[in-house]
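**Student:** What follows is each chain in one-letter form.
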Amino acid sequence: MQSGVHIYCFAASYAAALAIEALGAWRHLPWRRRGVVAATGAGIVAHTWYLGERVAATPGAALVSPHDWYLSAAWLLAAITLAATFYYPSRSLGVFLLPAVLALIAASLPASADPVVSNSATRFWSRLHAGLLMLGSLAVLIGFLSGLMYLLQSWRLKRKAAPLSEGFRLPSLEWLEKVNGRALPAAAVLVGLGFLTGVIVRWSQADARGGVPWTDPVVLSLGVWVLWLLVAEGFRLLYPAARGQKVAYLSVATFALLVLTLAAFTLTTSLHGEPAAADVTPGDAAGLLHPTEGDPR
Amino acid sequence: MSLLMVGCNHRAAGVEVREQLAFNGSQVGEALDRWQQTLPETELVLISTCNRVELYAATAGGEALGPDELAAAMLDYHGVARDSVNGQLTKLADRAVIAHLFHVAASLDSMVVGEPQILAQVKEAYQAAHELGTAGPVLHELFQTALHAARRVHNETDLHRHRVSIPSVAIADFASRVFERFDDKRVLVLGAGEMAEETLRYLKDAGARNIHVVNRNEQRGRELAEAWAGAYHPWNDLWEQLIAADLVIGATAAAEPVVGAAQFAERVAPRRHQRPLFMLDLAVPRDFDPAVGEEIGVYLYSLDDLQVACERNRRERAKALPAAEKILENEVDRYLAAAHHRAAAPVITGLRRNMEAPKQAELTRLFNKLPDLDDAARTEIERFADRLVNKLLHPPMESLRDASRDGPPHGLLDALRRLFHLDD
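Line by line, the protein sequences are chains B and X.
Residue numbers for the first sequence, in my numbering: 1 to 297.
Residue numbers for the second sequence, in my numbering: 298 to 721.
Hints in this document: simulated from the structure, not taken from any laboratory.
Note that the coordinates shown come from a computational prediction; the quantities given were computed from them, not determined experimentally.
Please note that the accuracy of each hint is not assured.
[Claimed, not checked] The calculated DSSO-like cross-link candidates involving lysine-lysine, where the alpha carbons are at most 27 Å apart (straight line), are:
| id | chain 1 | residue 1 | chain 2 | residue 2 |
| --- | --- | --- | --- | --- |
| 1 | X | K666 | X | K616 |
| 2 | X | K501 | B | K160 |
| 3 | B | K246 | B | K160 |
| 4 | X | K420 | X | K388 |
| 5 | B | K178 | B | K158 |
| 6 | X | K501 | B | K158 |
| 7 | X | K666 | X | K688 |
| 8 | X | K666 | B | K160 |
| 9 | X | K420 | X | K688 |
| 10 | X | K623 | X | K388 |
| 11 | B | K158 | B | K246 |
| 12 | X | K656 | B | K178 |
[Unchecked claim] Facing chain X, a subset of chain B residues (Cβ under 7 Å, in silico):
| id | residue |
| --- | --- |
| 13 | H28 |
| 14 | P30 |
| 15 | L157 |
| 16 | K160 |
| 17 | A162 |
| 18 | L173 |
| 19 | E174 |
| 20 | W175 |
| 21 | S204 |
All residues carry an ideal CB built from backbone N, CA and C; glycine is no exception.
Excised from the complex, chain B in its bound form:
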């Protein structure tokens, strides 16, 4: 980028915040919270700058590439991490959230930076589709992380283990269960709507002749994911007494399907763009969507 703000700048800031969190878990650091806030805040500023430059570079189709999708999701999760550090200063949420932020940034590297939409008629629906799936994915990610923390906390409590250290405090089972229980239905609604808007995009494209390509790796994995979410949510609604561990396990399974979908989204040649490293001419992989610009990284 012209300003010199590179992906590695904000990735390094988030990594520094994670290192401070981890160090604080190991030994008492009076400045731990301030350090995490400063490093995460610096990361968010650089991250925002980078995304801003991406918008400026492609004014007609801002943030509609898989690369931008990952970075926008990472930005949102980083903002959630910063807010969590303020609201829950005594809990070590950053230890779990920051690796997820870094993983999303890492996933953006092989993802295509070509915008996947150019048709103004479908732009609104495409953006809504991408936005809903992004929020749904974040809900799944948060559900997964809270489920993971729940299982870890429960496992340690069952073994009569004291908190790992004063600097490493997980939230209570009650709080984690609440977050976990809200993330799953939110994910079901958002991903379900995201899937529907994807179908609308497909139908509204003038040159779509073959309908929805169900065998496309992304469409297929997303369909399976939506089905699973509906089944999981149905189970939760039918058995309201099912709690704690059961819902935590459901979240972990849902996350596994998210990873599968994102892998298809990032690594396969599909109607959602090409992998960045692939030696393929951008666009028209499925003969339907038209990337407009090359990779600006």
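Got chain B; can you put chain X on it based on the hints?
**Tutor:** Using the frame of chain B, we list chain X on its own:
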């Protein structure tokens, strides 16, 4: 300036002596008021807790009070004979007083090292003396520095972060990891043991309001329920109460477990649907079959489990002690250096005055000789004179500050007085 402390504490005096010399809230005010009449030149602060009764005294100048005089004032208030406390009164002076107060405030001198209440008690004692007008500038500085040192120990070490009593560990280290809050939780107490009451106290502090007692002896059960604004249930309701409870404390005197694993699995678990249940077994022999803890959603802790956690926390506290001691030593040195430096204040003021007068006279003479000087030139000349005076004063000031670190710089102060005719 002289500092004194006379008193008794859990280290040197038995509980009988501490009881005889203890002051309640109204007595503290009355005693300080009385001593203010008899010792008008002395600043006083009185700390009276279960484990210590300590009277701190300071005189800024003039005739210093003796430790026996101070001890007599304290003993006379209670009408206690000197012979009855022989060897059990602690008497400290100057640096030892500062170090002792800093240790007390930071909870390094407490019976349970690191317990947090003492800091508030020291603060309250100082506040009471301040309101009564018995704490002057010397004790103000001393107590403020002690509170600052205690806060440093609290913030910079792990000393206060590890709880060491069974009920506090049970609630803070375990129950609070299961539940976010306690005000909406149903607490069930089985039996009426002393440990159950102690744990209820912590739970009440944590916000618990919904308390239920199940006891074989109805009268004792009702008494306990009443004392904690809870509800009593007969023993027959045990299983129904277990289904409804979120947190159970077992404290019966039963010879065998009152909640068996098979009964729990059959009568309670299916109706709880894995809802988290925190079980605290404080009875010996145990009230809950350990196999109950294997049920999903049940978190069961016995006295032995908690004892292990307490021991581990004690060891963690012990590890933090050297760092805490270092902070206090550093704070004592800083306090003394500042106090000694303050003692040099009259000499510093005199020195500055001695330089200011000739400076002003020379400036006036110069401005009279050069009447055509404009305002800018006059200001510049005045600044030059100020800078010159400051630079001339800098070396003696620095020498005073350096000398203050090792004690009151009497020799240097005398030399400065004689060299610059400060007494005149």
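**Student:** Each of the hints needs a verdict: does it hold here or not?
**Tutor:** Status of each hint after checking the structure:
1. X:K666 to X:K616: violated (73 Å)
2. X:K501 to B:K160: holds (23 Å)
3. B:K246 to B:K160: holds (21 Å)
4. X:K420 to X:K388: holds (22 Å)
5. B:K178 to B:K158: OK: K178 (chain B) and K158 (chain B) at ~20 Å, within 27 Å.
6. X:K501 to B:K158: holds (25 Å)
7. X:K666 to X:K688: Given that 27 Å is the threshold and the Cα spacing comes to 26 Å, the pair holds.
8. X:K666 to B:K160: violated (90 Å)
9. X:K420 to X:K688: Distance ~42 Å between K420 (chain X) and K688 (chain X) Cα, so the pair is violated.
10. X:K623 to X:K388: With a Cα-Cα distance of about 24 Å, the restraint between K623 (chain X) and K388 (chain X) holds, given a limit of 27 Å.
11. B:K158 to B:K246: holds (16 Å)
12. X:K656 to B:K178: Outside the cut-off at roughly 75 Å; violated.
13. H28: Since the shortest Cβ distance to chain X is 5 Å, the answer is holds.
14. P30: Holds, because the Cβ-Cβ distance from P30 (chain B) to chain X comes to roughly 6 Å (cut-off 7 Å).
15. L157: Constraint on L157 (chain B) satisfied, holds at 5 Å.
16. K160: holds (4 Å)
17. A162: Where the cut-off is 7 Å and the nearest Cβ of chain X is about 5 Å from A162 (chain B), the hint holds.
18. L173: Where the cut-off is 7 Å and the nearest Cβ of chain X is about 5 Å from L173 (chain B), the hint holds.
19. E174: Where the cut-off is 7 Å and the nearest Cβ of chain X is about 4 Å from E174 (chain B), the hint holds.
20. W175: W175 (chain B) check passes; min Cβ-Cβ to chain X is 5 Å, inside 7 Å.
21. S204: violated (46 Å)
When held up to the earlier numbered hints, the structure conflicts with 1, 8, 9, 12, 21 and fits the remainder.
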